[in-house]
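Trainee: Following the hints, complete the assembly by docking chain H onto the known chain X.
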Amino acid sequence: MFLETKNLTKKFGGNTAVNNVDFTIEQGKINAIIGPNGAGKSTFFNLVSGFHPPTSGQVIFKGKDITHLPSNKIAELGVARTFQTTNLFDQATVLDNVIVGHRLRTKSNLLDAILRTKRLKQEEKQCRDKAIEVLEFVGLTDVAYKLAGSLSQEEKKRVAFALGLATSPEIIFLDEPAAGVNPDETEGLAELMEKMVRNGITVCLIEHKMSMIMKLADKIMVLSYGEKIAEGTPEEIQNNEAVIKAYLGGSAIA
Amino acid sequence: MANLLKQRNVIAVLILFAIVFPFITNNNYLIHIMTLAFIWIIAVYGLNLLAGYTGYLSLAHAGFFAIGAYSLALLTTKAQMNYWLAFVLALIITSVLGLLIGLISLRTKEHFFAIYTLCVGYIIYLVIDKWDSLTGGVRGLIGIPSPGNIGPIEFNTPVSNYYLVLFFLLFTILVVYRIVHSLSGRTYIAIRNSEDLAQTIGINTTRNKLVVFVISTFFAGLAGALYASFIRFIGPDIGYITITFDLLTYLIVGGIGTLSGPVIGTILLVWVSQQLQFLQDYRMMIFGPILTLLVIFYPRGISGGFIDFRAKRKEKKQNQSNLNQNQQMISAQETSAASNKNG
Numbered sequence: 000m001f002l003e004t005k006n007l008t009k010k011f012g013g014n015t016a017v018n019n020v021d022f023t024i025e026q027g028k029i030n031a032i033i034g035p036n037g038a039g040k041s042t043f044f045n046l047v048s049g050f051h052p053p054t055s056g057q058v059i060f061k062g063k064d065i066t067h068l069p070s071n072k073i074a075e076l077g078v079a080r081t082f083q084t085t086n087l088f089d090q091a092t093v094l095d096n097v098i099v100g101h102r103l104r105t106k107s108n109l110l111d112a113i114l115r116t117k118r119l120k121q122e123e124k125q126c127r128d129k130a131i132e133v134l135e136f137v138g139l140t141d142v143a144y145k146l147a148g149s150l151s152q153e154e155k156k157r158v159a160f161a162l163g164l165a166t167s168p169e170i171i172f173l174d175e176p177a178a179g180v181n182p183d184e185t186e187g188l189a190e191l192m193e194k195m196v197r198n199g200i201t202v203c204l205i206e207h208k209m210s211m212i213m214k215l216a217d218k219i220m221v222l223s224y225g226e227k228i229a230e231g232t233p234e235e236i237q238n239n240e241a242v243i244k245a246y247l248g249g250s251a252i253a
Numbered sequence: 000m001a002n003l004l005k006q007r008n009v010i011a012v013l014i015l016f017a018i019v020f021p022f023i024t025n026n027n028y029l030i031h032i033m034t035l036a037f038i039w040i041i042a043v044y045g046l047n048l049l050a051g052y053t054g055y056l057s058l059a060h061a062g063f064f065a066i067g068a069y070s071l072a073l074l075t076t077k078a079q080m081n082y083w084l085a086f087v088l089a090l091i092i093t094s095v096l097g098l099l100i101g102l103i104s105l106r107t108k109e110h111f112f113a114i115y116t117l118c119v120g121y122i123i124y125l126v127i128d129k130w131d132s133l134t135g136g137v138r139g140l141i142g143i144p145s146p147g148n149i150g151p152i153e154f155n156t157p158v159s160n161y162y163l164v165l166f167f168l169l170f171t172i173l174v175v176y177r178i179v180h181s182l183s184g185r186t187y188i189a190i191r192n193s194e195d196l197a198q199t200i201g202i203n204t205t206r207n208k209l210v211v212f213v214i215s216t217f218f219a220g221l222a223g224a225l226y227a228s229f230i231r232f233i234g235p236d237i238g239y240i241t242i243t244f245d246l247l248t249y250l251i252v253g254g255i256g257t258l259s260g261p262v263i264g265t266i267l268l269v270w271v272s273q274q275l276q277f278l279q280d281y282r283m284m285i286f287g288p289i290l291t292l293l294v295i296f297y298p299r300g301i302s303g304g305f306i307d308f309r310a311k312r313k314e315k316k317q318n319q320s321n322l323n324q325n326q327q328m329i330s331a332q333e334t335s336a337a338s339n340k341n342g
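Chains as they are written, first to last, in numbering that gives the first Met the number 0: chain X, 0 to 253; chain H, 0 to 342.
Hints listed in this document are in silico derivations from the structure and should not be mistaken for laboratory results. Errors might be hidden in some of the hints.
Stated by the list, open to error - Quick list of in silico lysine-lysine cross-link-like pairs, DSBU-like style, CA-CA up to 30 Å:
#, chain 1, residue 1, chain 2, residue 2
1, X, 72, X, 28
2, H, 311, X, 124
3, H, 311, X, 72
One chain only, chain X, in its complex shape:
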């Protein structure tokens, strides 16, 4: 088991956002989570990445219980995530924005900074090299020295990927990576996800663009009102009656 959730539940007051979800994420594959608005997809991400503590249940990553770890510790273990919107520092260059992504793999502290130690210089170079590497990976080498504020929506999505990748993750959670970009760009982002998988990074994403998901995903989980209603390959999901009902609000056979 690479990453799995057991009976994961999150209640906000009387509202159960995620209810008893068992899900396994397969290593080296593209896993997708879909569901109508308010189905609890983002909450599920927040639980797995340690942003909210679950009400009950467990999250297990490579055999280790990470349920109650803070999100920065989970990131150290090799779990990265992106947000629907990424707040970048607009007045700095793209490269400067990404460099900090590798900070968690460095050890230099404030004293190193004040004394400008060798370790700091080495680690600064290490972070810069990593940033250049991931920017090349996501295809942003050309805009590396541009101000982050001048980027297009699609480029910003790619920077968000780069920032996640700079943490040297084994698995990356992408929250609606293709929201707000045009079909051509969506295609490009899909290719990028496939490239991540080829490079040994497991991908798990939330997405609303069905055509993209059906083409891209190896495995899909469908959430509705916080509950898992289906899990399987794209073909299985497309023919699943519960899923069609959840999306169209009616029966599969019209």
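Mentor: Just chain H now, with coordinates in the frame of chain X:
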């Protein structure tokens, strides 16, 4: 990178000017004003690191300034301690109190943090004002000694005090410069941009914020200790809210979150308010509108506005040259196509 070098140059010129300043003017009053401005700058740098680079606006800054000042004053006058020992102790006391207050106040965020620290600042002021037996209450403390001799160097003239304060100012700028331009600095900026994002890329935000808070109070304490031995009299009003807002105004005018902002803002405003002394409190009628306009049109102050202007111009130039290159390529292709046709 070009921006950074430019900023560096500006600071280098200012340092040079600061060193020769006492030779240019023999007016002790001007030297006094300048020394005072330098002390404020040190405090503003502390505020800048926290509010400007980490995004946590602390309104208890004057409180920590006062703690530094009173610690030094009490240790030297009441405990009769050696000056420099008292000086170091004052910094430690301020930082430790900063650590304790930071632990609690950093549980809040954004405007809640600002409001919470505003209250903390006011409580510090009240404690100083009302604890008559220790702090002398409204009467304040008098007879604070000048900085003790370091070897043969004495600090009892305005000029020698000026250089002592300048030394600490340069030390402050160096430390802040190095912090800002390091991985730690990048970490703080990441926290300012988005704490959630910072945490997901593996940054321990709680610890980092606490570290910055303590450094910020350290510089407030340093400024306070220097103030106490420079003015040699302190009253509770140095911990009052107005001082915090003065410091904040210096920072905003100069440029919050920029390295040269504290120097530019403080020196400019201290001089302007000296020049407008004859207007008394009506000065604020001039400052108010200017500050409002500045915040609307240049939210990152004079220094930030300048940096943005340069960055935009550079980008325009780059785009222009890219465009020219493309045009040249197109025209080259056209001519080659034309020649092919002709051939």
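Trainee: Looking back at the numbered hints, which does the structure fail to meet, lowest number first?
Mentor: As far as the earlier hints go, only 3 is violated by this structure.
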